[in-house]
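2 protein chains.
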Amino acid sequence: MAHKVLQDNFEVDYVIVLRVSSDDKQAGAAQFQKLIRVLAETGLTTEVRRGDETSLLVFVKAADEQAFAEVVYRSRIKDWLHGIRQIQPTKDPAETLTSEPLTPAERLRMIHHMICCPEEEGGAGITPKHGQWKSVEAVFPLHDHVKNKKWLAEFARKTFLTPEDLDEIRNSMGEQIGYYYAFLQSYFSFLIFPAAFGFSSWILLGNFSAIYAVVNGLWCVVFVEYWKRQEQELAIRWDVKNVSSIEDKRREFVPEKTITDSITGEKMAYFPAKKRLQRQLLQIPLAILCVVALGAIICTCYAIEIFISEVYDGPLKSILVFLPTIILTLLVPAVSNYLTQFAERLTYYENYETQDAHDKAMISKVFVINFITSYLAIFLTSFVYVPFASLLVPYLDIFSLTVKPFAQNEKQMQPPSPAQFTINPNRIRDQMIYFAVTAQVVNFGMETVMPILTQKGTKKYKEMQSARAEKNGGTVPSVSANDPPEEKDFLTRVREEASLPDYDVATDLREMVIQFGYLALFSVIWPLTPVSYFINNWIELRGDTFKLTVECRRPNPARADSIGPWLDSLEFLAWLGSITTAALVYMFSGGQGPDGRPHAICLWALLLGVFCSEHIFLVVRVIVRYAISKVDSAAMRKERSERFMVRKKFLEDAGLADVIKYSLPKSPLKATSGDQAFANITRDSLEEDARRDSLKSTTAADRFWNHQRSWAEAEKVGLGMIDLMDVKDGTEKKSQ
Amino acid sequence: MAHKVLQDNFEVDYVIVLRVSSDDKQAGAAQFQKLIRVLAETGLTTEVRRGDETSLLVFVKAADEQAFAEVVYRSRIKDWLHGIRQIQPTKDPAETLTSEPLTPAERLRMIHHMICCPEEEGGAGITPKHGQWKSVEAVFPLHDHVKNKKWLAEFARKTFLTPEDLDEIRNSMGEQIGYYYAFLQSYFSFLIFPAAFGFSSWILLGNFSAIYAVVNGLWCVVFVEYWKRQEQELAIRWDVKNVSSIEDKRREFVPEKTITDSITGEKMAYFPAKKRLQRQLLQIPLAILCVVALGAIICTCYAIEIFISEVYDGPLKSILVFLPTIILTLLVPAVSNYLTQFAERLTYYENYETQDAHDKAMISKVFVINFITSYLAIFLTSFVYVPFASLLVPYLDIFSLTVKPFAQNEKQMQPPSPAQFTINPNRIRDQMIYFAVTAQVVNFGMETVMPILTQKGTKKYKEMQSARAEKNGGTVPSVSANDPPEEKDFLTRVREEASLPDYDVATDLREMVIQFGYLALFSVIWPLTPVSYFINNWIELRGDTFKLTVECRRPNPARADSIGPWLDSLEFLAWLGSITTAALVYMFSGGQGPDGRPHAICLWALLLGVFCSEHIFLVVRVIVRYAISKVDSAAMRKERSERFMVRKKFLEDAGLADVIKYSLPKSPLKATSGDQAFANITRDSLEEDARRDSLKSTTAADRFWNHQRSWAEAEKVGLGMIDLMDVKDGTEKKSQ
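Protein chains in written order, with UniProt numbering: chain X, 1 to 736; chain F, 1 to 736.
By construction, these hints were calculated from the structure, which means they are not laboratory data. Be a bit skeptical, because a hint or two may be false.
Each pair may be met inside one copy or between any two copies, as identical chains are not told apart.
[Unchecked claim] In silico EDC-like links for lysine to aspartate or glutamate, alpha-carbon gap of 16 Å or less:
1. Lys78 x Asp658
2. Lys728 x Glu53
3. Lys728 x Asp23
4. Lys274 x Asp167
5. Lys257 x Glu353
6. Lys149 x Glu100
7. Lys78 x Glu511
8. Lys78 x Asp248
9. Lys61 x Asp702
10. Lys630 x Glu350
11. Lys648 x Asp79
12. Lys134 x Glu511
13. Lys630 x Asp356
14. Lys78 x Asp653
15. Lys275 x Asp632
16. Lys365 x Glu614
17. Lys228 x Glu353
18. Lys456 x Glu496
19. Lys241 x Asp144
20. Lys274 x Asp632
21. Lys460 x Glu496
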């Protein structure tokens, strides 16, 4: 029974959760009435059930499959007009659904579009948690639990996902999530090489190997360029090429004025680009603020940590050592959260016309914040602590004021002289191991294990609470008491899904990009890094699948033709990697001196190394890009052929089938061959010419062209001229 | 009379020059017969006249304007299919020529296409100087002398060309030459700023000013990015967007095998990309060869020059000083010519499928050769002579062997000790002045004045020769003796045009790109450089017009949507400029020491400066690129509107006009409004539902959806549920 229920979503396409505010029942009722009407008007059927104590579940499906086919047809026509589809959809809307089958994702996307598209464009105009629809808490499709179970079981058994698995994810969850899985999968497969090479070089070459650095840099370039190409091929495979050119207008966009297009006569919302550029300049102070705020926290904690672990020798050292970590763990998320909000507000202020542009601008800001929080500490170790520690440590003096109360005698407080102080030679490697292993494990716990524990806990707590209430005699009527028995399991499941959080693919992508950054920037410190990431990413993909299918609501399928601005981040990190890696290799590869410091660093040699490394990287990138662009693939061939077939069909319809082959029309002379035909035509045209002559006054040009009235005459005259020429006769020469 | 003749080209579209080889009259006659026939077959009318002693002039025009309209129509259909035209051409070929007027360039392009397009595609398949058509010496259109005269007169009076002037050039000479003029014009206008700023900074700041360097670098970025945008706008204005996607197959392409496309079933010539990539690897040895060969010559001459001018003090110094210049002038063109031929052969070997790809590959090789010949000398002065001269000059000793015969005593031969030797502090500036002024004047002389003198001279010589022949009694019959009197002037003109060389726009473009390179890389040495270039380019444009209209045959109009790979060269030079300029400023701005050498160069500071300068440049470039991409322009708006109108028209034709506005169909509920309509529909659908129920066995889903049969029932049930909720009533609260 339970299994059967799992399979059956009762044909429900979407669920809308309507929250009735706890102090205004009437407003809730009015809102509900409006919701039901507007959905009916848009062509959607509804069923209502109780949600939790103060919410309703409105189940939605297309009222009429015939009318829904028209919706799909219109969407496909629009795609075709924007060049996303090569092939024009069949004209009959009724055939739409049968001629080209609808994937679950496409169906859900259509229904979601009907629910959320503005009323001016024919939709219901529901804007969850926003404007007049504030009490609509969520609009989400139901999970396909059979497929979810199958994925979880299958993926756990496999090492690599097949292209068909990716297709299935795309068919069910939409292209955006499909792209994330495809990226994760490509990245994972590509990691085999640096993992294997990293392991060998860890054994044979040790840390800071120049050979590993070169191979790793090359790998980064090839991977990024390969993925760019892969994106294009997926766009063809999934029919989403150019999909970003259909730009959904942002609801929050505030036009400065409405202008009328002089050619089309359409009214358009207008916001001057110059004004937006000026607002975008605020990104510079924002970036500075991020650097200063996060930088200050991280640097301070870093300094405290070094002071306590390597200088301070007083009481409570074993406890105080954790102090900076605690400060960091508390402050950094709070501050970066605050900065993210700030960035969000700035992005709103920048007032983009399309959601795409808005997201792009936001992601680039988020990347800056993440870059600082993720990489600053290890940058400090590499490029400040190691070269300058002996100079800087004495200034950490100021912290002695803080630890004074704990000090037992003056000596403990004395900072060591530069000669005494020794740099911890393993600090940088330990830090890298932390980022490569520990941080990944912690992150997996926070991301995948924590939510399920929290959910289980909350459920248990609620159950206990209601049990206690029952025991105390108060018969609080459960919302599920009135459920029809055959729907009981289904409704319980829907209520659970409604209480889950939304799935955010951008977070998962960001995690992977940041991981790629560690690999590109610092993996030369510890060549086992790729091995760790390889293992981690196998788990990551399964964990993300678990999160997507069990711990979150099913996401609204969205289309995409790329992983978006993260691609730029990948390129940037690979580039930066060519600089940091060269610097790290130069500074650390020579082995370390007795004071833990690397051999004497010669600044010009360091800079020259970095300069060369960066430029070699750029040249190699140009070559790899060129080489990859020239390699043909099945998807590219498919697209070309499709385009060719479309053209051919059009020309055939227009009675011009031979344009493909003949860029010129067949001349009548060619159609019938032989001198006979020539002669005929010639006589005809001669007569024609003569008639024309007699009608018109002869111009100089006419007289010029009438010297030789036909090709035959021209031939004769020309041969005569050749005969007059003072040149040898070929036959004479031959006979001589 | 002379003026009238100038105007009249007797409606001749094209002229074909057929050379009869001096030892085989019969073969010439056969070739001629074939030519006349194949032209007639293609739908072209011919008239034959004598050319010079051993050649015929075949005048060509479209035989029938109706048939020619069909040719134009097909070409426009093809453009439309490839997305070059937004608007579909009218279906009636007869209307083609009237509905959208044909520019002279388009007409000539069509005729040229008819003459040169392969026979398999319906053309005459003439390949001048190639294959079976080796004796066809030239295929060229006739100059429009009225327009040419007008241009020469008008341009001489104007400072700037107007967009209409550019349009006129494009209409007459084709887009490729139009792009060159547009580029020259943009570049010239942009030069005003650095010219003015350079002049002021020459007066106020002197040479090697950091401020000038920054402004100049910024200017380079803005100019290159602006031009990129300008190119796109011109492509829209001239309707050539994506024109490079119609790729003319190269006749010389040698496919490895013929494969059959699995989808379209077309046979395609195939050459594996991998094999081509392998062949392209040969570019590396070629580049090395260029560097070594040209580098050796230039370095040697440079060393000799320094030795003679600054070390040697023997007899004949005043003559010997010119020795390196003479060697350079003789050797460099010869060697670079040889290398260019080598590059050409390599490009042929790389076996590109399209002319476009072939030209691109060739230009990138030519750029390498030009880069070395143009900039190496000044690189040597800046980065070898100045910092290392004192170390290197003693080694120039070896040259004393060469000058030994001239030496009068041992002392003259003695190389100076490093302490004695002083660097010529003005050398770098003098060199820059040479490139900025002298070289430009010399180049103008070589390019524009020389050919006209040569032509005049040759003409005079011929006249004298024939006059002498006449005097000697030999009545050599002049070829023009038999010309009809009314055609005499015309034929003389055509014979003259036939003897002119082809116009090569790539050479002129290259010249400008190299000039831009001097500006970007070295103008900080002498801030008057842009002033000189500004003046030079005013003359250059007029000189090029003179060359194009008087000194060369009228070129075959070609389409283009860009200046092609030269754009990459511009970007590269601007980038490199950020490096060299920073280095020059650092090395020279501090003033020079007593020995002519700049202040002590600190290598790490130099590298750090270069590193920062380059990265600031790259960041600024990203910002400028972004800002320019966001600025809207009239051309872009026009294109968007046009695309919109095309879509609208299509949808109107398909009866879907409202798709533009409504992405969803109007639901029947919406069409008729009010509760009345709701009630009707509801009753209908209820009955429908009931009927369906009775027909089908009820599934769980059907039962689920039949709880509330209409939106009205759903509303009622939902309101009941809200009533049951344990929340406050809004009205109660208000009344409290």
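Hints versus structure:
| no. | hint | result |
| --- | --- | --- |
| 1 | Lys78 x Asp658 | between (30 Å within a copy, 11 Å between copies) |
| 2 | Lys728 x Glu53 | between (110 Å within a copy, 13 Å between copies) |
| 3 | Lys728 x Asp23 | between (113 Å within a copy, 5 Å between copies) |
| 4 | Lys274 x Asp167 | neither (42 Å within a copy, 29 Å between copies) |
| 5 | Lys257 x Glu353 | within (13 Å within a copy, 51 Å between copies) |
| 6 | Lys149 x Glu100 | neither (27 Å within a copy, 63 Å between copies) |
| 7 | Lys78 x Glu511 | neither (35 Å within a copy, 47 Å between copies) |
| 8 | Lys78 x Asp248 | within (13 Å within a copy, 32 Å between copies) |
| 9 | Lys61 x Asp702 | between (76 Å within a copy, 12 Å between copies) |
| 10 | Lys630 x Glu350 | between (39 Å within a copy, 13 Å between copies) |
| 11 | Lys648 x Asp79 | between (20 Å within a copy, 14 Å between copies) |
| 12 | Lys134 x Glu511 | neither (31 Å within a copy, 65 Å between copies) |
| 13 | Lys630 x Asp356 | between (30 Å within a copy, 15 Å between copies) |
| 14 | Lys78 x Asp653 | between (22 Å within a copy, 14 Å between copies) |
| 15 | Lys275 x Asp632 | between (44 Å within a copy, 12 Å between copies) |
| 16 | Lys365 x Glu614 | neither (25 Å within a copy, 24 Å between copies) |
| 17 | Lys228 x Glu353 | neither (26 Å within a copy, 25 Å between copies) |
| 18 | Lys456 x Glu496 | within (11 Å within a copy, 95 Å between copies) |
| 19 | Lys241 x Asp144 | neither (27 Å within a copy, 46 Å between copies) |
| 20 | Lys274 x Asp632 | between (41 Å within a copy, 9 Å between copies) |
| 21 | Lys460 x Glu496 | within (13 Å within a copy, 100 Å between copies) |
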